[in-house]
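Top line first, the protein sequences correspond to chains A and B.
Per our numbering, the first sequence starts with residue 1, numbered consecutively.
Per our numbering, the second sequence starts with residue 1001, numbered consecutively.
Calculated from the structure, these hints are not laboratory results.
Built from N, CA and C at the ideal position, the CB exists for glycine as well.
Among the clues, some could well be false.
[Unchecked claim] Pair by pair, the computed Cβ-Cβ distance ranges are:
hint	chain 1	residue 1	chain 2	residue 2	range
1	A	Phe-313	B	Met-1154	25 to 31 Å
2	A	Tyr-215	B	Thr-1230	55 to 61 Å
3	B	Asn-1250	A	Leu-337	29 to 35 Å
4	A	Trp-223	B	Gly-1363	39 to 45 Å
5	B	Thr-1230	A	Gly-204	42 to 48 Å
6	A	Met-131	B	Thr-1413	33 to 39 Å
7	B	Asn-1250	A	Pro-155	55 to 61 Å
8	B	Gly-1113	A	Phe-330	30 to 36 Å
9	B	Ala-1372	A	Thr-74	34 to 40 Å
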Amino acid sequence: MAVAKLTKETPKTPPSSGPSLLKRLRSSVTAWLYILPAGAIMLLISFAPQAYQIWMSFTDFRIGNLRFNFLDPTTYEKYAPDFVGLENYVKVLLSQLALENYDFGRLFAFNVTWTVANIIFHVGLGVAIAMALNSKFLIGRRFYRAIFIIPWALPGYITALTWHNMYDDRFGAINQLIAIMNDTFGTTFATDTRWIEATGSPIGGIFSFLPLAFYAVLLANIWLGWPFMTVVATGALQSIPGELYEAARMDGASGWQQFVNVTIPLIRPAMVPAIMLGTIWTFNQFNVIYFITEGKPFGRTEILITQAFKLVFEQRLYGVAAAFSIVVFFILLGLTLLQNFATRATEAYDVA
Amino acid sequence: MKKRALWTLLVVLTIGAMAITACGTDTSPAPEEPAAVEPGTEDDGGEAEPMDEAAGLTGTVTLWHAWKENEIVSLTEVIAAFTAMYPDVTIDVLYTPFDDLRGKFETAAATGGGPSVLIGAADWGPGLYDADLIADITGMISDETLAAINPAAMGAVEYAGAMVGLPQTIKGVVMFRNTAILPEAPTTYEEMVAMHNEVTEGDVVGVDLEYGFFFSSAHLDGVCGGELMTPEGDPTFNTAEGECWLSLFNTWEEDFGVVENYNDNDVNLFKSGNVGIIIDGSWNTSALAEAIGPENLAIDAWPTVGDGALSGYVQTENIYLGANAEGDDLAASIAFIEYFLSVEAQTILANPEAAGHLPAISGVEITDPHQAQLVAAFEGGTAFPVIPEMNAYWDPMNNALLQVVQEDADPATVLQEAFDLVTAKVAEIRGE
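With the hints as constraints, model all of the structure from the sequences given.
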């Protein structure tokens, strides 16, 4: 049964039939002028630092080189860092950095697991709650929509610090809540669990590399992340014409079939960019990791970006940290392209 | 249509440019003509000199610090006293949280900005000096001021033949006691355990000790007779004494039930009057006294353990001259740094109801009993290593402590791992 057919849009005009490059440039002068101020600022505050970072990643830039200034030749002799070629990249990728428990492969695997686990929960919960909020029969929808935004509206680091305190083994709210539960229901759950510091893994097998702190921080980030997906999904759901569901019902489609064949295809154009954004945000979710677990236990919940931060602020190895950030950039670029390819996110669809 | 769009754009750009120009224009009122300064008369003699000097000093002192609320009270008082002497000097003060201060300073100073005066940790000095971010103040400070500074404290600012700052207070890790819970000070470790067992009941805990590396490192020497590093910074802790040190904290956990690693549980419990003894920094003396009442606070000498004794790091907090200060600002900043080490300023800073700093100079009378106790406790302390290599030790050593105490790992294995990592980090710091 097909209740809606999705067809790929064909370009309206063939690209080769356009005017010459010079003519097109002339005709777009106004457009160029419009984007000139923003473009100049972007060049200054975004692209220039990135270019500087790329250069820095090929040097042995340290605290002693901080006074080096490209625009001031008098600083060249005394402060210019040594060019080291790909050495920083080799150190990063072959786990040759003098950092606690540093293993790039493990760090990368953890970062990907962290991202995938979060996105699954964010999207799953986000869409499910958006559908519930979209139901005509739900009383107080506006109220729910307002309060569900709270996790998103709070500053990330405040939330992270609150969760950090909640996980304290002696005075944290979680263990105290468990103690109340034990008193009330006669259960015997442990009330001194070291949520962040414990090194044991609650799940074995292929997940044995994930300490308890992973699940603790995952829970905190799920709480933080789903409202965004709910907002996006709610917008997309509200744009689906009711006639499509009516037609599907007339065709005898069950609720699940309506979800799979109408809802998912039609919210996908909105959800895919949101998922891509969510992937990038979660992959680089510095606040949550840094403030809740601080990489504990023993660096096992570090992600790439917190490790890069430590290279700068603890080791002051600016060159290595720059290389590290470039590596993170290429990983994210690869993940985004892969996601694009898998989800055909850049293709447009019409409902036929 | 296209022309209209172009005109619209030009108008918008023109208005934008005017707005930016307006923002850039100094709209503050023009400075008033400086008040005429009465020249000192010839017969003013020597007394007229300070006035002349004060009248001549202008410029701005930009001061960055990470002081706490009670310390800011004293700092404000010091600044007020300084500006009373030098009315034409402007002081700009910026508070930055301690964890961010060094990074913020490095970034600002490296690009030609930043403060002209920085108050910061003693171990920042060598690194900042190597990077030319702070100045060598040799020859800038009067002999009189230098002669008054505690000679041991001066060791914390002498590096590579330069004077990279001045010590403005002496501080360290000490043992605090709530006399309402434990009226007598334990003189031995065994006594401390016995006292703990005697008073621990309900919410009250006798002893809650901190074993984070900064707070526990000095026991390596004090209790076990070992050494953390050579004077050059190379690790030397991978010995039987090192194992003795790591095992010490397992003993603590067995004897006291609870030990702390870099958290404020012990301090918060102490402030709420629920703990008898904790280990913490002397900079918290005022806050602890305020919380439990000054009459209930005591700072004890370290108890003995076998042939040795527990110990804590003793260090200085320094005042640095930013490398970018020049002209009038430089002169004003040097005057401010020198004033900071004067008897007058150090007396203000020593006020136990405000900063409560232990003076770095002689000539300041210590009347507060807690400060007298701090001086006594520091006598059993261990000098904090002020070298860039110290940065290599923090995480590996604390992780070693955590592995032994929380994971019951083998001290010898853990020590070897920490040794290898510290060695690699030291090489990295030296660029080897």
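- Within 39 to 45 Å or not, the Cβ separation of A:Trp-223 and B:Gly-1363? This hint is violated: roughly 58 Å between Cβ atoms.
- Message: Given the hint of 34 to 40 Å, is the C-beta distance from B:Ala-1372 to A:Thr-74 inside that range or not?
- Response: Roughly 53 Å apart at Cβ, these two residues miss the hinted range, so it is violated.
- Between A:Tyr-215 and B:Thr-1230, does the beta-carbon spacing fit 55 to 61 Å? 43 Å, violated
- Item | Outcome for the supplied range 29 to 35 Å, where the beta carbon pair is B:Asn-1250 and A:Leu-337 | 51 Å, violated
- Message: Within 42 to 48 Å: is that where the Cβ-Cβ distance between B:Thr-1230 and A:Gly-204 falls?
- Response: Given range 42 to 48 Å: holds, Cβ gap about 45 Å.
- Query: Can the suggested window of 25 to 31 Å be confirmed for the beta-carbon pair A:Phe-313 and B:Met-1154?
  - Reply: 29 Å, holds
- Assessment of proposed distance window 30 to 36 Å (beta carbons of B:Gly-1113, A:Phe-330): Holds, at about 33 Å.
- Message: Please check whether A:Met-131 and B:Thr-1413 have a Cβ separation lying inside 33 to 39 Å.
- Response: For B:Thr-1413 against A:Met-131, whose Cβ atoms are near 54 Å apart, the range 33 to 39 Å is violated.
- Task: Mind checking the hinted window 55 to 61 Å against the Cβ distance between B:Asn-1250 and A:Pro-155?
- Result: 40 Å, violated
Checked against the numbered hints listed earlier, the structure breaks hints 2, 3, 4, 6, 7 and 9; every other hint is satisfied.
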